[in-house]
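Enquirer: Sequence:
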Amino acid sequence: MAIQITTPMAELPQFLRLEPFELPHDTLSACTYLFFTPKTLAAGIQAGCTPDEIKNYLQSHKRETVEDKISDTIQGRHSIIFHAVKRNLFDIVELLLEYGADPCAKDPNNIPLLASTIMWTKWTYKNADKMVALLLSYGADPRCVPENMWSTYIQMPTADHNKDSSPHASATWVKKQHRLILVETLNLTIRYHLNRASFTKLATTRQRQLARLSGCPRILHLPFHIVGQDYALEAVMNKIMAYDTMHRKRPLVLSFAGLSGHGKTELATSLGSLLGTDICNVDMSKMQTVMSLFGAAAPYQGYLDGSPLNNYLASHEGQRCVIFLDEFDKTQQEVRESLLTILDTGIGMDLRWNTVLDVTKSIWVLASNKGDDLISKFYDKNLKGKSDSEKRHVSIKPLQHDLYKLFIDAYTPAVTGRISSFLPFFPFSRDEAAVINHKFLRTLGDNVVLPIDLYSRLPRPVGHVHLSLLKDGDLCKFLAEDYIRELGARSIQNRVDGLADELFMLYKDSKEEITEATNSGPHIKYTLQLHPVADTFEAAIREDGTTFIPSD
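Note that the sequence shown ends on residue 552 in full-length UniProt numbering; no numbers are left out.
Worth double-checking, as some hints may not be accurate.
[As the list claims (entries may be wrong)] Taking lysine-lysine and the BS3-like style, the derived pairs with C-alpha atoms no more than 27 Å apart in a straight line are:
id	residue 1	residue 2
1	K69	K106
2	K525	K439
3	K55	K175
4	K508	K126
5	K405	K377
6	K405	K384
7	K386	K201
8	K525	K471
9	K330	K397
10	K381	K397
11	K39	K130
12	K439	K386
13	K511	K525
14	K122	K471
15	K239	K126
16	K439	K391
17	K471	K384
18	K397	K201
19	K201	K106
20	K405	K330
21	K439	K384
22	K62	K106
23	K130	K405
24	K130	K69
25	K471	K130
26	K201	K130
27	K386	K126
28	K286	K249
29	K471	K176
30	K249	K239
31	K55	K39
Don't read these hints as lab results, they were simulated from the structure.
Could you put the whole structure together from the sequences, leaning on the hints where they help?
Expert: Written out as structure tokens, the structure is:
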């Protein structure tokens with residue numbers, strides 16, 4: 001098939017352009033002795049300064065001075081955060097937000113930062129999904145984007161401007177030209193984030209204060225880290241803040257129960273990230289003896305090696321830390337009972353040196369498939385087919401009580417009594433499965449868009465490719481038909497892996513030699529879309545010309 005060469009995209013419209021700045025000195029570090037100014041910081045961001053350089057510049061000035069000026073507009077136009085968001089500099093944007101930058105900032109045309117973030121992607125082609133989630137987690141108003149474009153997130157938004165005849169007060173800025181751009185750039189994951197944010201209660205001043213005082217201000221961002229599982233997310237946030245602010249002198253022990261592949265590991269990993277700590281992940285199915293879990297005690301051979309769990313606890317003594325005990329139901333009862341003292345009192349032993357450890361600030365997540373049948377039956381009876389708003393009015397306390405009784409029989413009262421909360425992880429709805437499909441496809445796109453690299457230790461011969469998803473709502477809902485409850489997200493990943501293989505076959509069949517010189521030209525575009533076949537559809541990838549993706 002002949003390749004159709006596309007023409008370069010039109011220039012960025014005037015209302016989305018940012019003003020350029022230059023540093024007063026050669027480097028940002030050379031400006032630290034000057035007064036703090038938003039203009040200098042914006043110039044540093046435009047000059048490509050690293051997050052560490054930006055952080056050093058901010059820390060070289062009094063925090064109250066930075067916080068007082070961080071949201072000021074520069075020459076009456078844009079505030080600093082616009083410059084970082086346009087370049088999709090996630091770490092820098094998060095740093096600015098921590099210093100008090102306004103996530104609801106507006107430009108001179110009254111266009112909110114959140115909307116600009118989405119519209120810029122039409123020209124930058126950057127994956128701004130995480131950036132949108134970040135801004136929403138800090139309080140950006142989802143309704144600054146017309147609500148009828150995302151309230152039913154699985155549906156594609158339309159360009160019909162008349163639908164905004166009575167827009168929310170936050171969306172009165174939207175004109176026909178803006179809506180046309182939003183139709184192109186509001187992808188499924190972003191629509192899902194906007195929808196979830198609209199149902200998520202904004203943290204009050206007191207809640208943010210409590211989270212800050214407990215040393216975990218970012219825990220309030222948890223709802224934007226995984227798909228679905230609203231009950232577990234809210235319970236985890238509340239439990240962690242309560243434990244810290246009430247100064248409970250024992251570990252927090254949570255049970256994550258449910259079918260594999262529904263977010264248990266992902267939520268535990270997000271906990272570690274948001275709490276600013278690494279996580280100790282232990283596969284309990286491989287821990288069939290107490291020694292395999294904690295290591296050998298002196299003077300037995302190998303006692304100085306310890307064990308991953310023993311050594312992790314020793315290196316995090318007195319600190320907040322997260323221990324994820326996966327497959328907790330697949331180990332021996334003797335091994336589970338070896339945890340009784342440390343889960344109850346937070347006092348353990350470093351067996352390498354026979355010294356006492358204080359791990360009262362630790363968070364233990366006991367994950368298992370135990371109770372998956374109870375959870376599935378409860379979901380089918382009480383939650384399946386309900387909207388997200390309807391689900392929020394369903395109490396899960398009867399299910400948690402049933403899980404409690406089940407765990408007592410399976411783990412003994414002694415072990416079960418150490419658990420603070422029993423959190424069920426439910427099957428995905430069809431729409432949630434579609435969003436997970438989209439996230440996996442976006443990850444695939446992020447991987448293949450990278451430059452071709454033939455000479456590194458791990459070469460990357462498949463690269464400089466733009467993967468486009470046509471009508472992503474319909475596409476991903478169709479792909480979600482392959483979701484298998486018993487496999488969870490793994491069944492979705494398997495389907496996307498199959499599409500990645502199809503993309504590779506198309507890429508492989510090109511007659512041209514792979515060279516790094518390709519990186520200097522336009523990206524080869526492949527489009528994934530639904531094609532009608534008889535009375536159904538199939539998802540297929542085709543080569544679709546080229547795309548000019550700017551380097552910045």
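Enquirer: Against this structure, judge whether each hint is valid.
Expert: Hint check:
For the hint pairing K69 with K106, the CA-to-CA distance comes to about 16 Å; that is within 27 Å, so the pair holds. Distance restraint check for K525 and K439: the Cα-Cα separation of roughly 19 Å lies within the 27 Å cut-off, and the hinted pair is therefore satisfied. Restraint check for K55 and K175: not satisfied, since their Cα atoms lie roughly 38 Å apart, outside the 27 Å limit. Using a Cα cut-off of 27 Å, the hinted pair K508 and K126 holds, with the two alpha carbons roughly 25 Å apart.
Distance hint between K405 and K377 is fulfilled; the C-alpha atoms sit about 16 Å from each other, no more than 27 Å. Restraint check for K405 and K384: the C-alpha separation of about 24 Å stays at or below 27 Å, so the hint holds. For the suggested pair K386 and K201, the alpha carbons sit about 20 Å apart, so the restraint of at most 27 Å is met. Restraint check for K525 and K471: satisfied, since their Cα atoms lie roughly 16 Å apart, inside the 27 Å limit.
Proximity of K330 to K397 is assessed by CA-CA distance (about 26 Å); at most 27 Å being required, the pair is judged to hold. Straight-line distance between C-alpha atoms of K381 and K397 comes to about 15 Å, which keeps the hinted pair within the 27 Å bound. Proposed proximity of K39 and K130 is supported: the alpha carbons are some 26 Å apart, at most 27 Å. Distance hint between K439 and K386 is fulfilled; the C-alpha atoms sit about 23 Å from each other, no more than 27 Å.
A threshold of 27 Å between alpha carbons decides the hint, and for K511 with K525 the separation of about 16 Å falls inside it, so the pair holds. Using a Cα cut-off of 27 Å, the hinted pair K122 and K471 holds, with the two alpha carbons roughly 15 Å apart. Between K239 and K126 the alpha-carbon distance is near 36 Å, which puts this suggested pair outside the 27 Å criterion. Annotation: proposed proximity of K439 to K391 holds, straight-line Cα distance about 23 Å (limit 27 Å).
Distance hint between K471 and K384 is fulfilled; the C-alpha atoms sit about 25 Å from each other, no more than 27 Å. Using a Cα cut-off of 27 Å, the hinted pair K397 and K201 holds, with the two alpha carbons roughly 21 Å apart. Between the alpha carbons of K201 and K106 the distance comes to roughly 22 Å, so the proposed pair stays at or under 27 Å and holds. Distance hint between K405 and K330 is fulfilled; the C-alpha atoms sit about 18 Å from each other, no more than 27 Å.
Using a Cα cut-off of 27 Å, the hinted pair K439 and K384 holds, with the two alpha carbons roughly 23 Å apart. With a C-alpha separation of about 26 Å, the suggested pair K62 and K106 falls inside the 27 Å cut-off, and the hint holds. Annotation: proposed proximity of K130 to K405 is violated, straight-line Cα distance about 39 Å (limit 27 Å). About 26 Å separates the Cα atoms of K130 and K69, which keeps this hinted pair within 27 Å; it holds.
Only pairs whose Cα atoms come within 27 Å are accepted, and K471 paired with K130 is accepted, the gap being roughly 20 Å. Of the pairs offered as hints, the one joining K201 and K130 holds, with about 20 Å between alpha carbons and a cut-off of 27 Å not exceeded. A C-alpha spacing of about 34 Å is found between K386 and K126, which places the hinted pair above 27 Å, so the restraint is violated. Taken as a hint, the K286 and K249 pair is broken in the structure, with Cα atoms around 30 Å apart against an allowance of 27 Å.
For a cut-off of 27 Å, the pair hint linking K471 to K176 stands: about 21 Å separates their Cα positions. Taking the CA atoms of K249 and K239, the gap is about 14 Å. The hint holds against a cut of 27 Å. Between K55 and K39 the alpha-carbon distance is near 16 Å, which keeps this suggested pair within the 27 Å criterion.
Consistency note: the structure conflicts with the earlier hints numbered 3, 15, 23, 27, 28.
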